[in-house]
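Chains as they are written, first to last, in the working numbering: chain B, 1 to 316; chain Y, 1001 to 1264.
By construction, these hints were calculated from the structure, which means they are not laboratory data.
Keep in mind that the hints are not guaranteed to be accurate.
As the list claims (entries may be wrong) - Going by beta-carbon spacing under 10 Å, a handful of chain B positions derived as facing chain Y: (1) 26; (2) 31; (3) 55; (4) 65; (5) 105; (6) 108.
Just so you know, even glycine gets a beta-carbon here, dropped at the ideal spot from N, CA and C.
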Amino acid sequence: MFKNLHLKVGLFVITVLVLALAFLVYVLHARGFFEQRMHLQLAAASAEGITPGMPLTFSGMPIGQVASVNLNDAGGIVIKAEISQSGAKWLRTDSTFNLDKPLVGGAKIKVSTPDLSSPQLPDNATVLLLVTDPAQEIPALIERVKNILANVEHITRQDGELNSTLANAKTITTRMSGKYGVLEGVLGSEENARPVVNSLKNLEGLTARLNEVSAKVDAMLVKADRWLFAEDGMSEQSKQALAQVRSMLTDAQGSLKRVDELLKNAVDISANVKDGTQDLAKLRADIDDSVRKANDLLNDINRMWPFGGDADMKLP
Amino acid sequence: MEFLLNFVERTGAKAVGWWNATFAVLAFLTEVLSTLVRPATWNRATLDTIVKQIYFTAVQILHVYLVYVLAISWVIITITLSTARDVGLFDAATEMIIRVLLLELLPFLTALLIALRSGSAINTEVALMKVNNELDALSHCRVEPMQFEFLPRIAGGIASVIGLTVLGSVLTLFLAYFSIYGLSTSGFDAFSNTISTVFGIGVLMGLGVKCIFFGLAVTTLPMAAGLETPKKLFMVPVSVLRGMMRVFLALVLIEVLSLALEYI
Chain B
1 MFKNLHLKVG LFVITVLVLA LAFLVYVLHA RGFFEQRMHL QLAAASAEGI TPGMPLTFSG
61 MPIGQVASVN LNDAGGIVIK AEISQSGAKW LRTDSTFNLD KPLVGGAKIK VSTPDLSSPQ
121 LPDNATVLLL VTDPAQEIPA LIERVKNILA NVEHITRQDG ELNSTLANAK TITTRMSGKY
181 GVLEGVLGSE ENARPVVNSL KNLEGLTARL NEVSAKVDAM LVKADRWLFA EDGMSEQSKQ
241 ALAQVRSMLT DAQGSLKRVD ELLKNAVDIS ANVKDGTQDL AKLRADIDDS VRKANDLLND
301 INRMWPFGGD ADMKLP
Chain Y
1001 MEFLLNFVER TGAKAVGWWN ATFAVLAFLT EVLSTLVRPA TWNRATLDTI VKQIYFTAVQ
1061 ILHVYLVYVL AISWVIITIT LSTARDVGLF DAATEMIIRV LLLELLPFLT ALLIALRSGS
1121 AINTEVALMK VNNELDALSH CRVEPMQFEF LPRIAGGIAS VIGLTVLGSV LTLFLAYFSI
1181 YGLSTSGFDA FSNTISTVFG IGVLMGLGVK CIFFGLAVTT LPMAAGLETP KKLFMVPVSV
1241 LRGMMRVFLA LVLIEVLSLA LEYI
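Take the sequences, apply the hints, and build the full model.
Written out as structure tokens, the structure reads:
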């Protein structure tokens, strides 16, 4: 009825026994029963948060675990840890042991070895366990955050500076979006900004007129140029006048020479003063005549010379 | 006044009933244990019956059981891993899986499955034997019911609970490893480390004892309930009902006690 009943049961029992035995061996192997484990003693100020079974990790990989935590007779903490054979090679004399207690998740002891060339840590060595507990820093942190929040609250209170500043900023930006844009924002109101805009408009008209004026001046300059430097222009006439002046000066020079001779005669014939006085009167009339001629000429030149008088150009 | 008196009377009757039942179970258990340690018990015939019981209780449902363990384990491993990843406790996921599945859930579910399938069958069988006077007839023929009917079932039940739990646990361990690390041996050291952390010698022994108690509960309690059955056929369902209820309570009690011993 039940074929191979014994065989099946035998298979079941043998499988179960083999698996159970294999599992037992595996657990014993995992617990380091078959290997020489390295033992460490960790010295710490407090055993708080340290429990047997807590892993020791090197670069995040488990290399051992805490075997026991006890108080010794002197009230000190004795933490014994076991390191697997493969993990022991990472422990050097300058290795540091840090108790890492994250806010979330299990605590572990982090081993870090800065220099892997330093000598191996001996078995049963005692090392210092450093404890950095973020939970203990929390109250101080909370106190500081509270202060910051109080400040923020003070700044952002209903009638606070920030609020009025923001209100002002809002007013300014509202004005800026008005008819006169940024000018209105800077000057305060539309009324204040209007004159500035008007002046700018006036300036625009002024510039246009200035342009016209400069065009007129241009035209005048062209005329003046023509008047001065044309074939029969002013400069030609001046040249002729200068020639006349030169001849008149030659005349005057001749008259003066005669005066010289006369004066020499006067010295020679000083004895006969009576006769001489008649010649002097005639000479004086001659000189007067020459000087008057020169004066007339100069007046003529002044009249004809365009730059002799007031040289300022009057703009309209 | 009369109501109060009735209440006290009813409570007293219940307490006596409970006591009687407990006493009967304990007396039966004592008899089982005394039979167990008697060298004369362990003859060829008893062993043959035990083998048959293991076959009916464990081997017959092995494929169903393994599929069932695979499904349950896969679901729980997946949920645990994704939750652990979400809350940033992935390091603790392996230990969580091993503790929840291997130490608690699998032994309990195995015992429950055997109680449902074999425990109820044993209860009905024993109750019917009692009602039909078969047990008296066997005793009359010098075939001790305890040795040839009860003990093999109890031994078979215990062996089945332990055997199925071992098979399911190994399957779950493989499933957990492959779910966490994939098809690579890179996580073997970390996995072994977690296993070594969870399975201390005390925990392993506790797990074994728990499985033995589970096996005892799922076979002894239905048998005791069956033996209590009055010789009336319509009392058989009531007997099965009571027996299965006791099995359930006992399983929960064992589980709670084991958890309390381990964690409190």
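Review point. Which of the numbered hints are not met once you compare them with the structure shown?
Key: Those not satisfied: there are none.
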